[in-house]
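Asker: Each chain, letter by letter, is given below.
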Amino acid sequence: MRGALRILVALALGFATPSARAQVPTDTTPRLTRDSALEARTSAVAAQLRCPVCQGLSIQDSPSELAQSMRALVRDQLAQGKTPDQVKSYFVSKYGEWILLSPPPHGFNLVAYLFPALVVLGGGVLIVLAVRRWTTAAPESPGD
Amino acid sequence: MNWKRATIAAAFVLPVAWLFRHGLTQDPREIPSPLPGNAAPQFSLAVFAPGQPPLERPIGDTVRLADLKGRVVVLNFWASWCLACRDEHTGLSEVARGYASKPVTFLGSLYQDTPGNGTQWIAEMGGQSYPSVNDPKALTAIDYGLYGVPETFFIAADGKIARKITGPAPPQVVRHILDSLLATTGSP
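Those protein sequence lines, which keep their order, are chains A and B.
Going by the numbering used here, 21 is the number at position 21 of the first sequence; the sequence numbering is gapless.
Going by the numbering used here, 43 is the number at position 43 of the second sequence; the sequence numbering is gapless.
Bound conformation, chain A alone:
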């Protein structure tokens, strides 16, 4: 009798298990880890977006209310499964490329990327020319 009862209980548990298992979230990653990963992704995207009401601050660094709302929106969109590029595209579609702290390298924006390299190159050429001039002029100087 006891054995039969045990079998019945085991069967009942066996039937109960799948439905109980269905209630458990499929993502077994601890919630804290998931939240901190989302926060890290939010910070990474927010650091690339300009705060519209600040001077040269990202929405990650700005304490303004608008920046906080924008950061919350970034978090929501990432939580919904959007990629960082899709989130940035959303803000570009609303504010234009101005909203990106690092402008994409095309068109006039290329100046920001190429100009420093050109200045360094030009400076190098000037130094080479000056050194060459000094070294060729030195033997002819009256002091020698």
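Treat the hints with care, as some may be off.
[As the list claims (entries may be wrong)] Straight line, CA to CA, 20 Å or less: simulated EDC-like cross-link-like pairs of lysine to aspartate or glutamate:
#1 A:Lys-94 x B:Asp-143
#2 B:Lys-137 x A:Glu-65
#3 B:Lys-164 x A:Glu-97
[Said to hold, decoys possible] Where chain B lies over chain A, by a calculated footprint (3+ residues, C-beta under 8 Å):
#4 67–73
#5 92–101
[Unchecked claim] So the derived list for chain A, only partly shown, Cβ under 8 Å to chain B, looks like this:
#6 Val-53
#7 Leu-121
#8 Gly-122
#9 Gly-124
Hints listed in this document are in silico derivations from the structure and should not be mistaken for laboratory results.
All C-beta atoms in this analysis are idealised placements derived from N, C-alpha and C, irrespective of residue type, glycine included.
Position chain B against the provided structure of chain A, taking the given hints into account.
Answerer: Relative to chain A, chain B alone:
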């Protein structure tokens, strides 16, 4: 030798002069918006300030942009802490009253503010002829690419953003834009 020096100097000076020319011919305060010409972002917001007859809408009523298709919509973002909003308030209210019989809907949207402050401000300003809605998390404001307040968007009858005014909207400019939008939609 002089030619060589002149060429080197020009190689440095000309690009810098070109950059200065580019920078000096642009207004750094003017940030181009990609929105005009595109479909206006949809919104569904609750009225907190009813406005006055005949433009009145009950408090708590939900205003959906989708329901306003076929009408010209003037969407004005404002806040009680915004000084420039005081400059345009009376003018906008008067223009809205003047266009009450036309297929035009004026709507205020409260930005980064509380409905309590907004209601008090409207009372201090002597009322507002058109209703105002609340945008609690500024989601609609961000959807419209808002930089600050006041900003006014003109949404044509086809649902596209036709114009945007940054800063206080002068009544004569608002009338001019409305007349041209109504003329293109064939309204009297």
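Asker: Which numbered hints are broken by the structure, listed smallest first?
Answerer: 7 and 9
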